[in-house]
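This is what each chain is made of:
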Amino acid sequence: MDLDNLDFIKLSQTIYNDYIDNWKKNNKKVYGYYCSYIPEEVLYAMEILPFRIRGTGCNDTALADSILSHFNCSFVRCTLNLVMEGKYDFLDGMVFSNSCDHVRRQYDIWNHKIMKGKDFPLIFLSIPHKITEAGLAWLKEEYSLLIKKLEDDQKKAFDEDNLIDIINIFNKNKQLLKSVLKFKTAKEPKLKGSEFCKIMIANSSIPKEDSNNELEKVIETLKERENLKDYKARFMLVGSYVDNPDFYKIFEDVGGLIVTDSLCYGLRYFWNEIKVSKEPLLEVINSYYNKISCPRMMDQHQQRLDFIKGQIKESNIDGVILERMEFCDLHGVDNMLLQHELEDIGIPVLSLDREYLLSDIARFKTRAEAFIEQILVS
Amino acid sequence: MYILKKNIKPYEILYYAISLTYDLVDRIVIEDELQVLKSYMKNMLPVLEDSLQKAAEGLPIIGYNFGIPPEIFFCFDCIPFCFEATPYIISALLPSGVEYFYDKANAWGHPYHTCSSQKGIMGMILDGKIELDAIITPTSPCDNAIASYQFFSNYIEVPTIYADIPALYNNERAFEYYAEELKRMVNSVSKIIGQEPNFDNMIKAIEFNSKAHQYLLEIHELKKAVPCPFESIINPIIAAATTLMPGTYEKVAFFKEVSEIGKKRLKRHAGRPGIEKFRSIWPYMSVFYDFSLYEWMDREMGISQLWDIFNYYFYDPIQIKNKKDIDDIFLQIASQGKNLPMNRQSLLSVDVLIDDMIWLAKEYNCDFTVIMEHLGCKQMASISQLLREELMNELGMPTLIIELDVGDKRVTPIESIRYQMNEFINTLL
Amino acid sequence: MANYLGIDIGSLTGKAVIIDDNNNIKAQKVIYVKKTPLKTVNVLLDSILPEIGIDDLSKITYCVGTGYGRRKIPLANETISEITCHGTGAHHVMPSLRTVIDIGGQDCKVIRLDENGNLKNFIMNEKCAAGTGRYLELMSETLNIPLEKLGPISLKTKSPVSLQSKCSLYAQFEVISLLGEGIKKPDIAAGINKAMAERVINLAEKVGIEEDITVSGGVAKNIGVVINMEKLLGIKFKKLPVDPQIIGALGAALISRKSFLKKNS
Numbered sequence: 001m002d003l004d005n006l007d008f009i010k011l012s013q014t015i016y017n018d019y020i021d022n023w024k025k026n027n028k029k030v031y032g033y034y035c036s037y038i039p040e041e042v043l044y045a046m047e048i049l050p051f052r053i054r055g056t057g058c059n060d061t062a063l064a065d066s067i068l069s070h071f072n073c074s075f076v077r078c079t080l081n082l083v084m085e086g087k088y089d090f091l092d093g094m095v096f097s098n099s100c101d102h103v104r105r106q107y108d109i110w111n112h113k114i115m116k117g118k119d120f121p122l123i124f125l126s127i128p129h130k131i132t133e134a135g136l137a138w139l140k141e142e143y144s145l146l147i148k149k150l151e152d153d154q155k156k157a158f159d160e161d162n163l164i165d166i167i168n169i170f171n172k173n174k175q176l177l178k179s180v181l182k183f184k185t186a187k188e189p190k191l192k193g194s195e196f197c198k199i200m201i202a203n204s205s206i207p208k209e210d211s212n213n214e215l216e217k218v219i220e221t222l223k224e225r226e227n228l229k230d231y232k233a234r235f236m237l238v239g240s241y242v243d244n245p246d247f248y249k250i251f252e253d254v255g256g257l258i259v260t261d262s263l264c265y266g267l268r269y270f271w272n273e274i275k276v277s278k279e280p281l282l283e284v285i286n287s288y289y290n291k292i293s294c295p296r297m298m299d300q301h302q303q304r305l306d307f308i309k310g311q312i313k314e315s316n317i318d319g320v321i322l323e324r325m326e327f328c329d330l331h332g333v334d335n336m337l338l339q340h341e342l343e344d345i346g347i348p349v350l351s352l353d354r355e356y357l358l359s360d361i362a363r364f365k366t367r368a369e370a371f372i373e374q375i376l377v378s
Numbered sequence: 001m002y003i004l005k006k007n008i009k010p011y012e013i014l015y016y017a018i019s020l021t022y023d024l025v026d027r028i029v030i031e032d033e034l035q036v037l038k039s040y041m042k043n044m045l046p047v048l049e050d051s052l053q054k055a056a057e058g059l060p061i062i063g064y065n066f067g068i069p070p071e072i073f074f075c076f077d078c079i080p081f082c083f084e085a086t087p088y089i090i091s092a093l094l095p096s097g098v099e100y101f102y103d104k105a106n107a108w109g110h111p112y113h114t115c116s117s118q119k120g121i122m123g124m125i126l127d128g129k130i131e132l133d134a135i136i137t138p139t140s141p142c143d144n145a146i147a148s149y150q151f152f153s154n155y156i157e158v159p160t161i162y163a164d165i166p167a168l169y170n171n172e173r174a175f176e177y178y179a180e181e182l183k184r185m186v187n188s189v190s191k192i193i194g195q196e197p198n199f200d201n202m203i204k205a206i207e208f209n210s211k212a213h214q215y216l217l218e219i220h221e222l223k224k225a226v227p228c229p230f231e232s233i234i235n236p237i238i239a240a241a242t243t244l245m246p247g248t249y250e251k252v253a254f255f256k257e258v259s260e261i262g263k264k265r266l267k268r269h270a271g272r273p274g275i276e277k278f279r280s281i282w283p284y285m286s287v288f289y290d291f292s293l294y295e296w297m298d299r300e301m302g303i304s305q306l307w308d309i310f311n312y313y314f315y316d317p318i319q320i321k322n323k324k325d326i327d328d329i330f331l332q333i334a335s336q337g338k339n340l341p342m343n344r345q346s347l348l349s350v351d352v353l354i355d356d357m358i359w360l361a362k363e364y365n366c367d368f369t370v371i372m373e374h375l376g377c378k379q380m381a382s383i384s385q386l387l388r389e390e391l392m393n394e395l396g397m398p399t400l401i402i403e404l405d406v407g408d409k410r411v412t413p414i415e416s417i418r419y420q421m422n423e424f425i426n427t428l429l
Numbered sequence: 001m002a003n004y005l006g007i008d009i010g011s012l013t014g015k016a017v018i019i020d021d022n023n024n025i026k027a028q029k030v031i032y033v034k035k036t037p038l039k040t041v042n043v044l045l046d047s048i049l050p051e052i053g054i055d056d057l058s059k060i061t062y063c064v065g066t067g068y069g070r071r072k073i074p075l076a077n078e079t080i081s082e083i084t085c086h087g088t089g090a091h092h093v094m095p096s097l098r099t100v101i102d103i104g105g106q107d108c109k110v111i112r113l114d115e116n117g118n119l120k121n122f123i124m125n126e127k128c129a130a131g132t133g134r135y136l137e138l139m140s141e142t143l144n145i146p147l148e149k150l151g152p153i154s155l156k157t158k159s160p161v162s163l164q165s166k167c168s169l170y171a172q173f174e175v176i177s178l179l180g181e182g183i184k185k186p187d188i189a190a191g192i193n194k195a196m197a198e199r200v201i202n203l204a205e206k207v208g209i210e211e212d213i214t215v216s217g218g219v220a221k222n223i224g225v226v227i228n229m230e231k232l233l234g235i236k237f238k239k240l241p242v243d244p245q246i247i248g249a250l251g252a253a254l255i256s257r258k259s260f261l262k263k264n265s
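Sequences listed follow chains A, B and C, in order. Using our numbering, read the first sequence as starting at 1 and increasing by one per residue. Using our numbering, read the second sequence as starting at 1 and increasing by one per residue. Using our numbering, read the third sequence as starting at 1 and increasing by one per residue.
Warning: the hint list may mix true and false statements.
[What the hints assert, rightly or not] Distance condition first, Cα-Cα at most 30 Å in a straight line; then the derived DSSO-like pairs of lysine-lysine:
no., chain 1, residue 1, chain 2, residue 2
1, A, K249, C, K29
2, A, K249, C, K258
3, C, K29, C, K236
4, A, K229, C, K258
5, A, K365, C, K263
6, C, K262, A, K229
7, A, K223, A, K172
Calculated from the structure, these hints are not laboratory results. Just so it is clear, the structure is predicted and the values come from calculations on it, not from any experiment.
When you get a sec, could you build the whole thing from the sequences and use the hints?
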């Protein structure tokens, strides 16, 4: 059986799925969240399924356009449209954060428009923009407030001992994802970037115990698979949120494999395992606070650059693709810096602006193809 | 001509632009017209002169984000150089003054949609027009600041200190956290430039600011009069004054003079030049690249602009109870800093902005709202429709939203802005 | 005798070039695109094959397709991006070139080459029409003068206007109000060409500009834009010794020969 036939992979095509259905049938809640800085383990320890908001299936943004401006990014626009279409009606709460301005303001929009007058928990986690002792102390208090709100909604106390079990489940998930990743980063890869993207999406859509079982099947399937042939270049994808396998296919169609990344929906999600200690909550906080950052963290540009350089070396990268959603200021400036920093050390870079709804595929392909040709002659 | 040991070319540009324009304005503008502009120019010049003099002496130059509480510079003998205000004031005074620098940044790979205020500074830095000893910024008010200051820090490799300012909260916990961050910032700057902080000088600056604030409150009261005694241009000019001459005697003098201009007019029962037909509040920014818009509004359209974001202050001046109680002073600075224009609107939930606007609209007897939706400001773009709806629901007050870049005429030309305002007036009112 | 074919199907025109074993051009053809890329290819072949005295596709030794329609060319043995083909073609006719600025109907590309004619770096405009031939089309419609006159007419003025808008739609708005103010068309046309040149140079600066430089694509025929670009850079562009429009197809034909020889060595 090949990957595409696995039911698990098919989860990437929809938002709602049978796992959520079963979860909810057992009177358990599902909370949505946007940003990878939201601690899934804490929600899960409160018996809440965290579901990362994505734009899967969006093909029109007319509803969201009535609320947002032309200057908003199309990812947020698409997700808001799905919310307004009712595709996220299964959610029982939302956790927001000051990740970027587009996402942060969704808190206000949910408050004033989507859930106006409804008893629906909207929680905001205020996360520092730099890493310090004081910032950690602030974040600890924020986590306490988050937990308090979850306790109020769930009408039960947070059990820190239980958190250790949950950390173990999530750590196993991260280990399994790293094992899957190896099929992609190997000298002779068996797994394409678009497929890995589907795995990441599916993984974010169901309870982690189930996902862990499914990932084991994925690994078994991949072991049986033949090596990929006929590819011309190995790329690293760096930039803003990507939950669209078709974006990867643009490069695959012209012979480019995306073998590794620095994306919040990719490696950055599972790179740091959480230490298991007697202070599990503190370990969760530390892990999220110090993870491979996104440009929202002002003092961590060097950390991001070092991570990219490490991946380039480890995964034998021929070139880096810097992508960002149009109107993403954070990645816009960070990518500009990265482009110069990488080119200065002789790494070929292709910089792309994109819209969430891909409409410009021919032009993207021309650039992807030329980028490969540029790499091949050097 | 100053022989600068350190390069702050933009302040030189500003200095010469203002001295030349001031001379012209002073000679040709008739009595009682554009008094506010004249007063600004007169008072701004010595502040710039002082900065240039200090740069000639080789004193440290500290680049800062307009969202940082400016009082803290006065702990040091230094030249505070405001990043965001500088390109915008240059764009107001010189027709194509900043475009060269915007294009310079674009050519380096700048994403066109990030705030032009910081883009202008990026271009100036890439062009070798600014040399700095340190850069300080809060982690606010927007993604642009968060992104752009990382460029400054990593490209020019000047020590950059970030004071983390919490999102959402406007309470003691947030003030205390931010106050500690600001204290650490002062310590870091102290180490970088090798000067001990002089808190007496900081307190002096606070006192100047508090005095200026008293006059500002007088100006606020005067604006309630119908017709408004001030020209609309007062708003971008006050924005320039608050960001470019904080903590100075000249700022006090400027606000005092503005207040007197208003009082005189009110005494004569005279409004500003032109007949006031409509009173508008602008929850967000004013247009900087062409100040003629305000004259057009005043004289041809009869629209008074009573407020923009840099003109409404929802905090009390700092009270110095005990000059030795530095902790308390910093706590007050932090609480004020969290509510500085744009920090308040950007960091807190939209409810605060909505309440502020409803209060202003009622208090100042307004007819409509104009939101200048600046290309850089995604935190405002995300909620401008929401604000429009809330104002309509609460007050039945219409809102005009115009998309533009307030510092770059090439994004939305001034003709188009006039056209949109004209259509709005004709259709809705 | 070998016939290496290069076909370039763009958004406005289709081009074909056939070269021999010594890289000499045997035939070249430029036509406006037909309803489908396939139809364009057929019309191109019908007109170019007789020129070298063949009527049979089997006499074509090898074929490389390029341009937007490159995947719709049935006889293409392989496809190569128009960016590489442009670089290869331009380098062949002028080995001293290091930068090729190609301004087509829908997009603008800046191609950097090394001394061997290999692609060193490139950039392509994002979706916006400003800085592409589309911008000039919109402006010439607004001015109500034929596109091909936009260049020559702009030379007749000594007082060009300065167009401020970056956005094509706002620029149209600006042109309309300038016409309303009674500004003469040559003055406006000169402003349009200058604005266009500024956009292109702005893009080019992102990958750096190295001499020698040439401009190709449809917009290269607008003398007003070219002169303005030269002024902005303070550099004289090199004039290609062949029709600039066939450069992509020529590059494809050259790559076609190289590929064939490599595969059969």
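Inset, instruction - Compare the distance between the alpha carbons of A:K229 and C:K258 with 30 Å, and conclude whether the hinted pair is satisfied. - result: At roughly 24 Å apart (the allowed maximum being 30 Å), C:K258 and A:K229 satisfy the hint.
Legend entry - A:K249 paired with C:K258 [C-alpha distance capped at 30 Å]: holds, 29 Å
Legend entry - Distance restraint between C:K262 and A:K229, which requires alpha-carbon spacing of 30 Å or less: holds, 21 Å
Inset, instruction - Quickly compare the C-alpha distance for A:K249 and C:K29 to 30 Å and report which way the hint goes. - result: This hinted pair is violated, its Cα atoms lying about 34 Å apart.
Inset, instruction - Measure nothing beyond the straight line between the CA atoms of A:K223 and A:K172; if it is 30 Å or shorter, mark the hint as holding. - result: holds, 19 Å
Inset, instruction - Decide if the proposed pair is consistent with the structure: A:K365 and C:K263, CA atoms, cutoff 30 Å inclusive. - result: At roughly 25 Å apart (the allowed maximum being 30 Å), C:K263 and A:K365 satisfy the hint.
Legend entry - Restraint check for C:K29 with C:K236, where alpha carbons must lie at most 30 Å apart: holds, 28 Å
Hint compliance for this structure: hint 1 alone is broken.
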